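**Student:** Those protein sequences? They're chains P and A, same order as listed. If you use the working numbering, the first sequence corresponds to residues 1 to 142, in order. If you use the working numbering, the second sequence corresponds to residues 1 to 388, in order.
Treat the hints with care, as some may be off.
Said to hold, decoys possible - Ranges between beta-carbon positions, derived for each pair:
1) Thr129/P <-> Leu113/A: 47 to 57 Å
2) Phe273/A <-> Pro31/P: 41 to 51 Å
3) Lys37/P <-> Val327/A: 54 to 64 Å
4) Gln88/A <-> Lys110/P: 54 to 64 Å
5) Lys37/P <-> Ala97/A: 30 to 40 Å
Claimed, not checked - Chain P regions said to be covered by chain A (calculated; three or more residues, Cβ under 8 Å):
6) 45–53
7) 68–80
8) 93–103
9) 125–134
Bear in mind the hints are in silico, worked out from the structure with no lab data behind them. Model, not experiment: these values are computed from the prediction. Ideal Cβ placement from N, Cα and C applies to all residues, glycine included.
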Amino acid sequence: MKSVIVALFCFLVNATIVLSQVAVISHKSVPEDSMTKSVLLDLYTGDIQSWSNGEPVIVIDLKPRGDVKTAFYDFIGKKSSRIKSIWLKKKLSGEWDTPESLETEDDVVKKVASTAGAIGFVSQSSVTTDVKVLLLIQQGKN
Amino acid sequence: MTRLNTVMSLSLIFILTSASLTQSGDSPIGIFGYFQNSFQHWTTFEDRKEQNSFSVQQLNLFFQKDLSRDWTAFINFEFLNSFSSIRQWGAANLEEAWVKYRANEKFNLKLGLQIPIFNNLNEIKNRTPLLPYIVRPLVYETSFSEFIIIEEFVPDRAFLQVYGFLPKGETKCDYAFYLGNSSNMNDNREKGQTGIDTTTTFLAGGRLGFRYRELKLGLSATHEKKNGIRTLDFISLADSLGREPSELMGLPKTRLGVDMSYKFTNFIFESEFVTVNIDEGIPELELDLDFYYATLGYHLTEQLFAYGSYWVVDVHSALLATGDEKVEDEAIQTLNIGASYDLNDRIRFKGQFARVKADEELHLLSHDDVIKEEDKFSVYAVAVSVFF
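Pulled out of the complex, with its shape left as it was, chain P reads as follows (with noise of 0.2 Å):
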């Protein structure tokens, strides 16, 4: 009867993983409504630094490492330390800013509510009314 219970309680711990989603938000300004994979990795690595009406990404990162963090690198195809070292390489040949990158979820919703041509990602949980939903990652899938 215990492992039953275990089993269960394992089984619903994952269920809940898997169906948790990675949002990735913009600010409300932002042209696009949706976004596909491509272009958000191009967005990341600063290969894409303009919307489509003229104005510029600003591209924010979840400082900590975690689920969130893992599924979004995932999904783009990009280890985050290979990101680190493309920004790096931007950032010295003088074609790009590093992104910022924010201690908690809650700065990010807030960062990218605040900043024109803001995107960031964060847990859906964690999306209010103050950002546009541009894509939804569903966690351990890419």
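Starting from the known structure of chain P, arrange chain A on it as the hints suggest.
**Tutor:** Frame of chain P; chain A shown alone:
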């Protein structure tokens, strides 16, 4: 007079006020840079004794300012080999001073002194925090420029460049085209370094590339006219050939480069080939340079990276003037193993072992004599690279 002074004073106040108002509304100047301190142990080679040396291998200081949404200014000062003007050590260079206009990812225009895009490494050859090497693939090793004439192999400077990429899904086609001076500025170091370029010819070059996910391929080329051949004694060369020095002016020189890099899971493979041909149009003279490198690396963890790398530099020259025919071939092969460890985003520790084999063969055709020299030595190096 008083009126003139008043007008001048008011004008000065107006100019200063305008300048300060502009400054206050501007984006701040970004100041950042990096340095690499190393310790290198060289075993004996030729007539040199064993060497043990600490040095500030390189320090670069950048100033960057966004002038407007589309325009950015960038300056790069470089100090090499523990630069000290008092001790007359090392070198200090103004490496870059450019302004860039970015329309979008498809079109960028860079005006001013810059390092042009050529193959994979040229543009970032002096960005030590990006590279796992301490001693870089030889034609990119700026701190060895006293021994290897880097600008003969890869273009050192350009002054105008357009570049960008054309995206199609996950595929990107890169392009870059540039113009600069031919690489013969201040060739004769003994005659002073005035900084005035007397070059009358241009360097023109570019790269076409293809990217798909982690695969990157490129084809680079440059063309220029040289006013001399720095690898050979110019005057005695003309004398040996029985020609006027002016006949060796404006020799067309072409560089061709191929680069490839691929990242697969934790593996990284990078490779480049450069061939340089000086089409002297003089049958009695041949001069060709080749360079190849390949690196296979593996990320043991996200912070720890290990690699093996192989480099070859080949220099072939032939002087086929009557009575003084000689063919000279020089090959430097270097086998490297190394590792780097990222302590954090700003500090990277490095270790490298290089085994260098230098072969030289001089074939004196007129005497039917071959002189061979072979030398081997090793370099053990550790370094810390810091981005600030």
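**Student:** It remains to establish, for every hint, whether it holds in the given structure.
**Tutor:** We went through each hint and held it up to the structure:
no.	hint	in the structure
1	Thr129/P <-> Leu113/A: 47 to 57 Å	50 Å, holds
2	Phe273/A <-> Pro31/P: 41 to 51 Å	44 Å, holds
3	Lys37/P <-> Val327/A: 54 to 64 Å	56 Å, holds
4	Gln88/A <-> Lys110/P: 54 to 64 Å	55 Å, holds
5	Lys37/P <-> Ala97/A: 30 to 40 Å	38 Å, holds
6	45–53	holds (count 4)
7	68–80	holds (count 3)
8	93–103	holds (count 3)
9	125–134	violated (count 0)
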